[in-house]
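A.B. asks: Sequence:
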Amino acid sequence: MTTQLPSGFDTWLLDCVPATGCDICAANWRQLLARKQLGDIAQAVRHATEIRDHTSGVHERP
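Per my numbering, the very first residue in the sequence shown carries number 11; after that it's consecutive.
Each hint should be verified, as a subset may be incorrect.
To be verified - Okay, the calculated beta carbon distance ranges per label pair: (1) 53 x 27: 24 to 30 Å; (2) 43 x 19: 17 to 23 Å; (3) 31 x 52: 25 to 31 Å.
FYI, nobody ran anything at the bench for these hints, they're computed from the structure. Just so you know, even glycine gets a beta-carbon here, dropped at the ideal spot from N, CA and C.
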């Protein structure tokens, strides 16, 4: 059973920007896109969260 989210909600959940040159961010980005294409939004959101957490933690500038 899948749940349909309101229009535009997926975009908000998947909003993230991988850090340039980071292999971890790039891997999560590829996985996010693959899961999104398969319609597995829940897993895609997990990858988006990983990207946001990683870029705001490891790549945070002083």
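A.B. asks: All hints, please: hold or fail.
C.D. replies: Hints versus structure:
1. 53 x 27: 24 to 30 Å: The hint (24 to 30 Å, Cβ to Cβ) is violated, given that residue 53 and residue 27 are roughly 19 Å apart.
2. 43 x 19: 17 to 23 Å: 18 Å, holds
3. 31 x 52: 25 to 31 Å: 28 Å, holds
Figure legend: structure checked against the earlier numbered hints; the only hint not met is number 1.
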